[in-house]
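Throw the hints in and build the complete structure from the sequences for me.
There are 2 protein chains.
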Amino acid sequence: MSAFTLGLNTYVVPFSMHVENRDRLVKGMKEAGVSTGTILLRGGTASERDDTDHENLFRQESYFHYLFGVREPGFWGSIDISTGDATLYCPRLPEEYAVWMGKISTCLEFKIKYEVQTVKYSDNLESSLRTSVKPIFVNKGKNSDSGSTYNPPVLDVLKEVDCDEVKLFPVLCDCRVFKSEKELALMAHVSKLTSLSHVHVMRSVTPGMMEYQLEANFSHFSYYNYGCRNMGYTAICACGPNPAVLHYGHAGAPNDRVIREEDMLLLDMGAEYHCYGSDITCSYPANGKFTERQRKVYEGVLNAQRAVFEICKPGTSWVDCHKAAEKEVIKALIDLKVLREVEGYTLEDMVEMRLGGVFMPHGLGHHIGIDTHDVGGYLEGGKSKEENYPNRLKGAGLKSLRNLRILEEHQCLTVEPGCYFIDYTIDKAIADNDLGKFIDVEVVAEFRGTGGVRLEDVIAITADGFENYTLAPRGIEEVEAVMGGAKWPPMKDVHPELMRKELLNM
Amino acid sequence: MSAFTLGLNTYVVPFSMHVENRDRLVKGMKEAGVSTGTILLRGGTASERDDTDHENLFRQESYFHYLFGVREPGFWGSIDISTGDATLYCPRLPEEYAVWMGKISTCLEFKIKYEVQTVKYSDNLESSLRTSVKPIFVNKGKNSDSGSTYNPPVLDVLKEVDCDEVKLFPVLCDCRVFKSEKELALMAHVSKLTSLSHVHVMRSVTPGMMEYQLEANFSHFSYYNYGCRNMGYTAICACGPNPAVLHYGHAGAPNDRVIREEDMLLLDMGAEYHCYGSDITCSYPANGKFTERQRKVYEGVLNAQRAVFEICKPGTSWVDCHKAAEKEVIKALIDLKVLREVEGYTLEDMVEMRLGGVFMPHGLGHHIGIDTHDVGGYLEGGKSKEENYPNRLKGAGLKSLRNLRILEEHQCLTVEPGCYFIDYTIDKAIADNDLGKFIDVEVVAEFRGTGGVRLEDVIAITADGFENYTLAPRGIEEVEAVMGGAKWPPMKDVHPELMRKELLNM
Ligand SMILES: [Mn+2]
Ligand SMILES: [Mn+2]
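For the protein sequence lines, the chains are U and V, in the order given.
All residue numbers for the first sequence refer to our numbering, where the first residue is 227 and numbers rise by one.
All residue numbers for the second sequence refer to our numbering, where the first residue is 227 and numbers rise by one.
Hints listed in this document are in silico derivations from the structure and should not be mistaken for laboratory results.
There may be inaccurate statements among the hints.
[Stated by the list, open to error] Result set (SDA-like, lysine to any residue): computed pairs, CA atoms no more than 20 Å apart in a straight line:
hint, chain 1, residue 1, chain 2, residue 2
1, V, Lys-346, V, Lys-368
2, U, Lys-625, V, Arg-519
3, V, Lys-557, V, Arg-519
4, U, Lys-553, U, Ser-543
5, V, Lys-625, U, Trp-326
6, U, Lys-368, V, Lys-346
7, V, Lys-654, U, Glu-322
8, U, Lys-385, U, Ser-372
9, V, Lys-368, U, Lys-625
[Stated by the list, open to error] Stretch-level coverage of chain U by chain V, calculated; a stretch enters the list once three of its residues show a Cβ under 8 Å from a Cβ in chain V:
hint, region
10, 447-455
11, 528-536
12, 573-581
13, 645-655
14, 692-704
The C-beta atom is built at its ideal place from N, Cα and C for all residues, glycine as well.
In structure tokens, the structure reads:
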């Protein structure tokens with residue numbers, strides 16, 4: 227049995243995980259009425275920066291990784307639908323490759339390593355496809371997060387034979403939405419190590435440090451101890467006003483502010499292992515002690531998580547989860563007198579008027595897996611019920627939802643409510659005929675420049691609820707204790723409502 | 227005066243460095259007979275992974291960085307040749323950018339930040355170019371390391387007006403070959419911090435660790451302490467047989483071997499700061515003590531560096547440097563009895579027969595700067611003498627040279643001799659009619675699987691010699707002392723021949 231591991235005590239991913247992924251795809255195609263034919267996917271290719279010979283570190287394309295788990299660039303893969311047999315096509319490397327890149331694996335070695343039925347050289351691809359069972363199913367469809375289209379490969383043979391560009395995509399996406407037990411175990415592992423890396427960072431914070439030093443500490447901890455060479459996405463290490471910049475940390479805003487005593491920090495970082503990533507956000511005061519105001523904002527966001535968790539189970543609509551979170555954020559802001567209650571308007575009215583979108587302009591969360599924003603949030607033509615795949619909603623917050631599906635067992639999602647003080651959205655709301663009356667201009671002014679809070683957990687939907695894979699300190703007393711030097715994991719789980727089932731077994 | 231720094235005590239790069247780079251380009255164009263016109267370059271653009279919304283961390287395109295130092299994606303830049311005035315064109319960002327990406331800088335703010343005469347929005351680019359001085363010079367040419375072509379941008383206006391694709395490229399490349407004082411200071415800084423990061427790693431090595439943990443330690447040290455978010459290239463952390471794989475460390479061979487007591491390590495890692503990178507290789511025994519054999523191979527490679535350094539000054543041919551290095555490697559191998567002297571053949575004959583290429587198949591080194599393999603090694607149409615730009619040579623080692631130029635002041639290069647035991651090249655040599663007789667098949671067999679040694683320094687050519695920017699331990703007694711816990715830098719420079727001028731001032 228072959229497996230992926232980076233050695234020492236790093237996690238062992240059996241390649242049977244990818245065998246199962248292929249089996250599930252074949253099963254899905256059969257359920258969609260396709261009993262014969264050949265599925266064809268192209269793996270990612272090596273790339274260089276601009277016109278130079280600077281080689282970008284290769285990371286496998288996500289669909290291909292899902293089905294084959296291949297680490298090297300330049301492969302192709304096919305699956306015979308009726309037999310389920312898989313073939314990999316590897317590049318035929320020149321002898322000199324051994325000098326520069328390392329030992330050249332034989333086809334037999336790849337066959338054993340990747341647990342497929344056949345391995346051939348990719349220069350045989352077109353001739354093999356000519357004799358393979360038709361039609362050939364290739365992947366084509368729109369990624370609802372990027373808006374970009376996954377395009378099928380261009381090959382002469384595909385113009386000559388019966389080729390289907392429609393049926394594969396929805397089935398393959400839906401397979402990725404519903405994680406297998408082995409995938410869930412891997413997601414749990416990567417979320418656990420991401421949680422522990424956050425704890426490491428939390429303990430290293432001192433006012434006077436730079437934001438990017440927290441990024442350095444996180445990625446070192448997760449690589450050195452757990453073999454995570456890549457982060458799932460660019461680290462957001464925001465202090466002071468920066469938490470109000472939702473995608474802070476990019477090259478134009480590269481985590482380069484000094485952390486001050488009075489700052490709240492918002493750290494959104496996730497490690498990746500064998501191309502499966504986590505996505506966890508922790509927020510806490512730089513000096514380890516919450517002020518009264520920081521506490522109220524934080525508790526509002528934590529209550530938003532709790533409100534979601536209360537209804538988080540198969541059958542619940544993700545939109546309802548989003549609104550449940552917004553309601554708690556609005557309640558906290560009323561308590562802080564940033565928002566005022568207005569006669570004739572209930573809390574539900576405030577939610578429906580999209581007041582939550584002023585302070586939380588993003589969606590509640592997203593599918594997560596091989597991509598941070600994993601596929602299938604708005605899938606056309608999937609096997610599930612029609613109502614699972616509606617069009618995007620309108621209105622602040624709702625329009626940013628990356629997923630509108632009904633929750634089902636084996637989905638893996640982030641739950642990431644937040645409360646931010648963003649001049650642009652606040653000013654727009656104050657000037658708004660409907661929303662302006664709810665906002666206390668003077669009180670909100672005191673919160674401007676203080677950033678915001680986000681708490682982001684990775685969860686998996688179970689048969690009767692969910693499990694929280696995020697095992698980070700969440701309660702205020704937990705955060706303050708850990709920052710003060712206390713042991714983590716704790717001796718006792720004082721927040722069972724957060725469903726951190728493995729917390730005490732870490 | 228504007229500057230780039232990542233805060234705290236990280237290095238401060240004045241933007242006048244880029245102003246000078248532009249001035250030198252304009253001067254170069256005038257020397258090439260061009261007195262009027264407009265230079266146009268396109269900056270790098272943001273990119274996402276495959277069809278997903280996973281944003282790759284933006285790193286500026288190298289030519290654009292050289293001239294403008296802009297950190298954000300999506301810019302264009304132009305320079306009026308007669309006045310030398312520079313214009314930047316920045317993207318006009320939607321208001322909502324402020325919510326997701328951060329405060330939107332005004333044109334005035336960019337003008338001050340990047341020390342240019344004018345900043346406009348890029349939606350004005352084409353109309354501005356219509357009224358700018360003609361011809362418009364765009365960059366087009368072949369990168370001699372990758373073989374790829376830098377292609378000029380495609381714009382309607384460029385089809386309508388007088389546009390020159392020939393004259394800019396050789397002048398711009400030649401500007402990059404000869405570093406300014408400010409560029410040299412930055413190269414010295416990044417090589418110093420890279421040296422110190424190597425020392426940090428050297429002290430952290432223990433048998434039983436994984437190779438990738440050394441990569442983790444290096445990148446953490448250089449990011450945490452010096453603000454280097456990117457490495458110049460993928461880290462090569464090779465132990466056991468792996469040093470014989472010249473580009474080890476890529477995704478297919480990801481530094482995943484356990485380090486053993488008896489291993490030699492070869493660590494080729496360089497940090498990057500403000501897009502200027504270093505490239506340093508250290509080799510040493512995992513347990514901190516050289517065996518007699520390890521010592522002899524190592525001393526041979528160090529002697530190769532010394533032989534190069536003896537002749538390293540303006541006027542020397544890089545090919546002669548390469549051969550001088552090979553000669554020392556061959557001498558060491560004769561001493562080790564891997565090679566035997568054959569009657570009728572001098573040492574010089576052995577060099578000319580390309581015996582060195584068996585054990586050092588790569589070139590001696592390369593220009594270095596904004597790209598690790600910096601431009602200009604084989605430049606057609608440059609301003610310097612014709613003999614500076616010959617065609618590639620033939621034969622093992624020589625054909626891999628990335629540069630055939632005569633050394634001149636202000637060039638910045640790596641000197642990286644090595645001696646590797648590579649089955650493929652050794653077997654080929656044994657079977658070769660000319661080379662086979664020099665190789666002792668039984669002795670060389672004892673070295674198979676032991677990897678090899680590379681020592682790589684970054685140097686700058688001065689008026690009468692060179693300065694070595696690499697301030698790492700090099701002498702065997704230095705390496706053993708540091709691995710045993712001794713202070714670095716040392717109290718005394720016992721190897722003045724290595725020209726580590728700033729060693730004691732670190
Ligand atoms: Mn997220
Ligand atoms: Mn190099």
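Take a quick look at whether U:Lys-553 and U:Ser-543 sit within 20 Å of each other, Cα to Cα.
-> Roughly 16 Å between the alpha carbons, so the hint for U:Lys-553 and U:Ser-543 holds.
Going straight from one Cα to the other, do V:Lys-625 and U:Trp-326 come out at no more than 20 Å?
-> With a Cα-Cα distance of about 14 Å, the restraint between V:Lys-625 and U:Trp-326 holds, given a limit of 20 Å.
Annotated coverage of the region 645-655 of chain U by chain V, confirmed only when three residues or more have a Cβ within 8 Å | Satisfied; 4 residues make the cut.
Within 20 Å, alpha carbon to alpha carbon, are U:Lys-385 and U:Ser-372?
-> violated (28 Å)
Holds or violated: V:Lys-557 with V:Arg-519, Cα cutoff 20 Å?
-> holds (14 Å)
Pairwise hint evaluation, V:Arg-519 against U:Lys-625, where the allowed Cα distance is 20 Å at most = violated (68 Å)
Verify the coverage statement for the region 447-455 of chain U against chain V, using a C-beta to C-beta distance below 8 Å and requiring 3 or more qualifying residues.
-> Coverage by chain V holds here, the residue count being 4 at a Cβ distance below 8 Å.
Mind checking the alpha carbons of V:Lys-368 and U:Lys-625 for me, to see if they're no more than 20 Å apart?
-> Violated, because 46 Å separates the two Cα atoms, which is more than 20 Å.
Restraint status (C-alpha distance of V:Lys-654 to U:Glu-322 at most 20 Å) = It holds: about 11 Å lies between the C-alpha atoms, which stays within 20 Å.
Within a Cα-Cα threshold of 20 Å, do V:Lys-346 and V:Lys-368 meet the stated pairing?
-> violated (30 Å)
Straight-line alpha-carbon gap U:Lys-368 to V:Lys-346, limit 20 Å = Status violated; Cα separation ~34 Å.
Proximity test - 8 Å, beta-carbon atoms, the region 692-704 of chain U to chain V, at least three hits = violated (count 0)
Consistency note: the structure conflicts with the earlier hints numbered 1, 2, 6, 8, 9, 11, 12 and 14.
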